[in-house]
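Peer 1: Chain residues, written in single-letter form:
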Amino acid sequence: MVNMFKAVYGKIHEINLKYQHPRIHQSRTVKVLLLILRIYLLLSVLLLIYKFATSIKGG
Amino acid sequence: MANVPAAPKKMDAISTFFYRYRRVIKFLKLFFLIAGPGIIVMVADNDAGGITTYAATGAKFGYGFIGFLIILGPIAYVVQEMTVRLGAITKRGHAEAIFDAFGSFWGWFSLGDLLLTDLLTTVTEFIGMTAAASIFGVPPLITVPVVIVFIMALNLSGRYWTWEKIVLFLCIFNLVCVPAAFLVHPDVAQIFKTGLIPQGGFNGTIFFFIMANIGTTIAPWMLFFQQSSVVDKNLGEKDIKMERLDTAVGAFFTIIVAVFCVIVTGTLLKGVNIQDAAQASRLLIPINKWVGYLMAISLFDAGLLGAIAISLASSWAWGEVFGWPHSLNNKVKQAPWFYLVRLLILLVAGTIVLLPGAPLVLITLFVQVIAVTLLPAALVFLVLLLNSDEVSGKYKNTVSQNIILILIVGGIIVMSSLYGISTVFPHLFK
Numbered sequence: 019m020v021n022m023f024k025a026v027y028g029k030i031h032e033i034n035l036k037y038q039h040p041r042i043h044q045s046r047t048v049k050v051l052l053l054i055l056r057i058y059l060l061l062s063v064l065l066l067i068y069k070f071a072t073s074i075k076g077g
Numbered sequence: 142m143a144n145v146p147a148a149p150k151k152m153d154a155i156s157t158f159f160y161r162y163r164r165v166i167k168f169l170k171l172f173f174l175i176a177g178p179g180i181i182v183m184v185a186d187n188d189a190g191g192i193t194t195y196a197a198t199g200a201k202f203g204y205g206f207i208g209f210l211i212i213l214g215p216i217a218y219v220v221q222e223m224t225v226r227l228g229a230i231t232k233r234g235h236a237e238a239i240f241d242a243f244g245s246f247w248g249w250f251s252l253g254d255l256l257l258t259d260l261l262t263t264v265t266e267f268i269g270m271t272a273a274a275s276i277f278g279v280p281p282l283i284t285v286p287v288v289i290v291f292i293m294a295l296n297l298s299g300r301y302w303t304w305e306k307i308v309l310f311l312c313i314f315n316l317v318c319v320p321a322a323f324l325v326h327p328d329v330a331q332i333f334k335t336g337l338i339p340q341g342g343f344n345g346t347i348f349f350f351i352m353a354n355i356g357t358t359i360a361p362w363m364l365f366f367q368q369s370s371v372v373d374k375n376l377g378e379k380d381i382k383m384e385r386l387d388t389a390v391g392a393f394f395t396i397i398v399a400v401f402c403v404i405v406t407g408t409l410l411k412g413v414n415i416q417d418a419a420q421a422s423r424l425l426i427p428i429n430k431w432v433g434y435l436m437a438i439s440l441f442d443a444g445l446l447g448a449i450a451i452s453l454a455s456s457w458a459w460g461e462v463f464g465w466p467h468s469l470n471n472k473v474k475q476a477p478w479f480y481l482v483r484l485l486i487l488l489v490a491g492t493i494v495l496l497p498g499a500p501l502v503l504i505t506l507f508v509q510v511i512a513v514t515l516l517p518a519a520l521v522f523l524v525l526l527l528n529s530d531e532v533s534g535k536y537k538n539t540v541s542q543n544i545i546l547i548l549i550v551g552g553i554i555v556m557s558s559l560y561g562i563s564t565v566f567p568h569l570f571k
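Chains as they are written, first to last, in our numbering: chain A, 19 to 77; chain B, 142 to 571.
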């Protein structure tokens with residue numbers, strides 16, 4: 019079991035290293051778009067958590 | 142002896158026919174060789190949730206949404222065509238392309254979100270299938286295992302070609318809404334008269350249905366599925382033209398099914414609030430049993446195609462990123478992880494549906510919200526990838542393509558976000 023987790027962790031680490039540097043040129047437009055996306059996703063996740071919490075409370 | 146001279150004449154006629162139409166025949170042969178990913182992704186898009194949305198739309202507004210549904214066809218085509226180009230040029234699936242282009246943070250985000258969305262959407266496919274099968278007296282305890290075994294058995298041949306042809310055959314059953322619509326004898330003049338603009342002005346309910354129909358026509362898993370499918374089929378740059386046609390034909394069938402489904406419920410159930418397509422089938426059976434049964438078959442087939450395509454989209458994506466063998470041309474022994482991910486998605490989704498008291502309504506609601514979360518991200522990545530010289534080269538978007546795309550993608554992002562918000566706060570737009 020421990021070996022399996024180690025293997026999975028090792029594989030994830032390997033993937034992270036392989037894709038460490040984005041291939042797309044990080045122009046200003048790309049950076050701004052990705053920043054907007056991060057904010058959008060953060061808000062979406064907050065919305066999801068709120069809905070989940072209220073759904074659980076409401077039974 | 143009298144027949145002997147006739148044979149060359151007959152041969153001549155056949156030869157002449159083949160010679161005269163040789164270009165058309167060659168074109169059709171090539172099309173049927175390459176066609177598959179586009180038709181499958183578009184028809185599978187009419188999944189259980191899609192059929193439910195169309196049935197509910199027809200029952201609520203009659204023929205009023207037909208014009209809008211027709212517009213969604215070209216929009217879905219424009220979005221999916223981008224994945225064709227990307228797959229054919231990069232020879233990489235969408236998940237791998239995101240990892241490569243944007244780094245591991247966005248890669249893991251997309252992969253995790255895709256798995257969650259696919260798992261929950263597969264639950265809704267099983268809900269649709271079990272509800273449809275129960276109309277024919279088949280209990281969920283039989284439907285779920287039989288469906289899982291059937292889907293996994295489709296891969297036993299270890300050949301993409303065989304899998305694709307079987308799934309294309311299953312796509313035909315998605316069209317049963319068409320004969321159903323003829324059986325209800327709709328008023329054709331009325332369809333043309335009221336079909337273009339929703340009647341009764343614009344209000345929150347219409348807005349909700351517009352968003353629901355967009356949500357069912359363009360889904361995140363479709364991007365991942367078609368790009369991986371193009372790669373698995375080994376289509377290259379020379380095949381882009383034909384694959385575009387394949388996608389256009391698929392978009393045409395999607396809209397045909399949507400429109401005819403709306404015609405069925407718009408003719409017989411107008412004014413009834415439909416919660417799901419199985420309910421529509423049950424209501425239709427006393428009016429016209431064949432129409433009711435056809436609607437149930439359509440729902441079952443939609444759920445089955447959805448489960449086949451959606452589970453595959455995830456296992457392809459995970460296979461690409463983890464570097465496992467991940468082709469339908471691999472047998473189970475050659476690609477155990479690829480098939481295991483798929484089996485796990487189906488098993489977990491099927492089990493959830495069978496659990497007594499499982500929060501299926503809550504799951505259906507979360508599917509919409511989570512899908513909305515992934516869609517803008519997936520679309521933004523797609524646009525950026527197709528504007529990158531490093532990734533797309535000579536196939537990158539032109540200025541006019543970008544203008545059309547930005548309008549469509551911007552519109553989809555705004556509408557899908559509002560749809561997500563309206564799902565969480567249902568009274569906001571009413």
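Keep in mind that the hints were calculated from the coordinates and are not lab data.
A portion of the hints provided could be inaccurate.
To be verified - Cross-link-like lysine to aspartate or glutamate pairs, in silico, EDC-like; alpha carbons within 20 angstroms at most:
1) Lys170/B / Asp328/B
2) Lys49/A / Asp530/B
3) Lys36/A / Glu531/B
4) Lys232/B / Asp530/B
5) Lys232/B / Glu531/B
6) Lys49/A / Asp380/B
7) Lys69/A / Asp254/B
8) Lys537/B / Glu378/B
Model, not experiment: these values are computed from the prediction.
Peer 1: Does each hint hold? Answer for all of them.
Peer 2: Okay, the hints, checked on the actual structure:
1. Lys170/B / Asp328/B: violated, 39 angstroms
2. Lys49/A / Asp530/B: holds, 17 angstroms
3. Lys36/A / Glu531/B: holds, 17 angstroms
4. Lys232/B / Asp530/B: Holds, at about 16 angstroms.
5. Lys232/B / Glu531/B: Since the Cα atoms of Lys232/B and Glu531/B sit roughly 14 angstroms apart, the hinted pair holds (cutoff 20 angstroms).
6. Lys49/A / Asp380/B: Judged against 20 angstroms, a Cα distance of about 33 angstroms means the pair is violated.
7. Lys69/A / Asp254/B: holds, 18 angstroms
8. Lys537/B / Glu378/B: holds, 13 angstroms
Consistency with the previously given hints fails for numbers 1, 6, ordered from lowest to highest.
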